[in-house]
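> Count along the sequence shown starting at 1, add 425, and that's the number in this note's numbering.
Keep in mind that the hints were calculated from the coordinates and are not lab data.
This structure is a prediction, so every number in the text was calculated from the model and none was measured.
Among the hints, a few may not be true.
[As the list claims (entries may be wrong)] Here are the in silico distance ranges between beta carbons for each label pair: (1) A449 to Y480: 17 to 23 Å; (2) H440 to Q466: 43 to 49 Å; (3) Q492 to P469: 38 to 44 Å; (4) L504 to Q464: 53 to 59 Å; (5) Q476 to H439: 21 to 27 Å; (6) N456 to V427: 17 to 23 Å; (7) A432 to W500: 45 to 51 Å.
Just so you know, even glycine gets a beta-carbon here, dropped at the ideal spot from N, CA and C.
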Amino acid sequence: RVTEHEAVLWITQHHIVSDGWSLALLAQELNALYIAFSQGQADPLPVLSLQYHDYAAWQRQWLSGEQLQHQRRYWQTTLAQAPALL
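Just need the whole structure built from these sequences, with the hints factored in.
Shown next, in the form of structure tokens:
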């Protein structure tokens, strides 16, 4: 809180976590939430049909068995000549 009627939201994250498009989307959504909540309105954002845990579960299932072996062979071949320290 800067003053009685003013506050600052400071977000720090590593650049590997997001790109410009993601940061713009975050700013848009935070703005929409702030406006709605400051006026006593409900969350204006649409309900997402998928959450990150859905993707993680799909990826875990996909990356098993033969697909895991295929990926392992690919990366072992691709990186076979890479220096020990990248």
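> Look at each hint and say if it fits the structure.
Against the structure, the hints:
no.	hint	result
1	A449 to Y480: 17 to 23 Å	holds, 21 Å
2	H440 to Q466: 43 to 49 Å	violated, 33 Å
3	Q492 to P469: 38 to 44 Å	holds, 39 Å
4	L504 to Q464: 53 to 59 Å	holds, 54 Å
5	Q476 to H439: 21 to 27 Å	holds, 22 Å
6	N456 to V427: 17 to 23 Å	holds, 18 Å
7	A432 to W500: 45 to 51 Å	holds, 47 Å
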